[in-house]
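**Student:** Could you put together the complete structure from these sequences and hints?
If you read the sequences in order, they're chains A and B. The numbering of the first sequence is this note's numbering, which starts it at 1 and goes up by one. The numbering of the second sequence is this note's numbering, which starts it at 1 and goes up by one.
If a hint is listed, it holds; no wrong ones were tucked in.
Ranges of calculated distance between the beta carbons of each label pair, as one might list FRET restraints:
no. : chain 1 : residue 1 : chain 2 : residue 2 : range
1   : B       : Ser-79    : A       : Gly-130   : 37 to 43 Å
2   : B       : Gly-54    : A       : Ile-141   : 50 to 56 Å
3   : A       : Ala-187   : B       : Gly-84    : 51 to 57 Å
With a straight-line cut-off of 35 Å between C-alpha atoms, the simulated DSBU-like cross-links for lysine-lysine are:
no. : chain 1 : residue 1 : chain 2 : residue 2
4   : A       : Lys-201   : B       : Lys-147
5   : A       : Lys-148   : A       : Lys-161
6   : A       : Lys-201   : B       : Lys-43
Incomplete in silico selection of chain A near chain B, CB under 10 Å:
no. : residue
7   : Lys-201
8   : Ile-202
9   : Ala-208
10  : Asp-212
11  : Leu-217
These aren't lab readings, by the way, just hints derived from the structure by calculation. Please read these numbers as outputs of a predicted model, since none were measured by experiment. Glycine included, every Cβ here is placed at the ideal spot set by N, Cα and C.
So you can see what is in the structure, the chains are spelled out below.
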Amino acid sequence: MEAVGLDVLTWMVDFLSGLFVDPFFAVARRPDKLVQILIQGVSAGVMYSLIALGFVLIFKASGVFNFAQGIMVVFAGLSVVVLIEAGVPAILAIAGAVVVMIVMAFAIERLVLRPLVNQDGIILFMATIGLAFFLEGFGQIIFGADPKPVPVDALMIPDGKIKVLGGLLGKPVRIYELDLTAAGFGALMVAAIIVFLNRTKIGRALRAVADDNQAALSVGIPLRTIWVLVWSLAGIVAIFAGVMWGAQSQAGFSLAVLALKALPVLILGGFTSVPGAIIGGTIIGVGEKLGEFYWRGVMGDGVEQWLGYVIALIVLLVRPQGLFGEKIIERI
Amino acid sequence: MQGHVQTAEVPAAARPLLSVNNIEVIYDHVILVLKGVSLHVPKGGIVALLGANGAGKTTTLKAISNLLRTERGDITKGSIEFAGEPIDHMNTNELVRRGIIQVMEGRHCFEHLTIEENLLTGAYTRRGGAEVRRDLEMVYAYFPRLKERRTSLAGYTSGGEQQMCAIGRALMSRPRMMLLDEPSMGLAPQLVEEIFEIVHRLNQDEGVSILLAEQNTNVALRYATYGYILENGRVVMDGDAAALRNNEDVKEFYLGVSASGRRSYRDVKHYKRRKRWLA
Ligand SMILES: Nc1ncnc2c1ncn2[C@@H]1O[C@H](COP(=O)(O)OP(=O)(O)O)[C@@H](O)[C@H]1O
Ligand SMILES: [Mg+2]
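**Tutor:** Structure, rendered in structure tokens:
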């Protein structure tokens, strides 16, 4: 009995030190790895943020939780790839994908949202589940079911490695250019969306609709136009995510699952908060890459797959509205 | 209580800016709420639409501004004309462009937008930045309080400021006609007076015609030129404001003073519905 108790105790100590002590030694040994992982984390986080932004905009403006966001990423990415394969220059291929996503936004407004206006949120949510299945089937007919490599050269996405900070950290930090591109360009897109929301007439109208759609309607803001707009925006964000994620592995229907990573981001950041989506995305991205690298020893592989959800769950227990859930203005 | 206490005839030559002709409104395909309402607003007039809670005032205004659809309401009979053109079945965006805008009951400011952003959303249907800036200054001239609070989030301003914001926002669309739904609701008497004073000036100086739904009969009849009294989805009486004020029935039932001086305790409770119609 005593021996068993001791075993359990040593195991516990090992486990806890594996979680909370060993990582620090690992960092001390290889600081270059830490920098590299942080950069990977930020890059993944920016992508999550973008996808989450698409969710937030749609949710705020039309009250729809868009389950089809993931498949939109696939659709967008494959459109670009297929067009380039067909010999269309990269710029035109991207423009073509933008057109595809805007047409999709119009179609969704006309065929899904408009007939269901005034229905409960849950009904609209289920409609987007149906939409996701439809797009998956339809997409496989058009694009075929097999994943396709993203022609990074044609798109002029650098995919080499660069080495920096060699003198400072002992060993040089190896950075994937793909990560840098995703982080940099993603950050630019996030900034553009924020400027759009806060500095333009349409952006202001969009926020107005999010606040009170009846009142927005009463001052002459056409809700349908705004809906098409947010779905188009989400579609354009999806193009970027589809191409960048595709470039890391391949562009295929499995990417849809990746987009569901936006879910813990939304729980963390709050479903209605734009800054929440951005900061939440970064926390989840960095958190899961750190966990994957430093906790692999004690938790095994695949930490990355679930850590985001655990982080979100913990936040949900403490703050149900998320870290940045929009302040609910109460007047007495 | 049926009657017509008309004193001065509306000149036949002056075509009303807004005519509502015998409309019937049904909610959810079954609930008949307006049972043949007719009313007219002359150009430059202030017309009051009076009646107790639930009489159908809001429904009438929403039928005009076509906000009914979002509440699953439908005009099933009758017609509405604005400046001589039929406008029923025109959508709200188009109506705002044509110069008719509703200020909804319960103010409905955009809480997470600043006061100034709220006002600017009112100009959504317009082009021309310079003109819009000029109108913003005009709104601030009418409502100096809004200028002081221009950078505050509307959700954090007082009820009176929110009412001013809602009226100012509508003004930014450069309307020919405003449909005001219970602007006095929930405000202290002095503030009510201040707001009605401004509405009166907007009518006089900017030439905005006004259809005013109110439960506060007393105030409404002091500022309006003409009034309609709605009961159970029907107009039961209409006439010049002065005539209505002196009518014994109106005194007893709506002004709270009967011939014997007894006060009535009707309309004590206001109800407030804020329905989310999506989601
Ligand atoms: N969306 C709706 N669905 C069903 N009935 C409604 C709806 N809105 C209002 N009503 C009913 O219509 C009647 C008139 O309401 P309303 O026009 O709001 O009156 P008022 O503005 O004069 O208080 C009331 O009996 C109310 O219950
Ligand atoms: Mg009402």
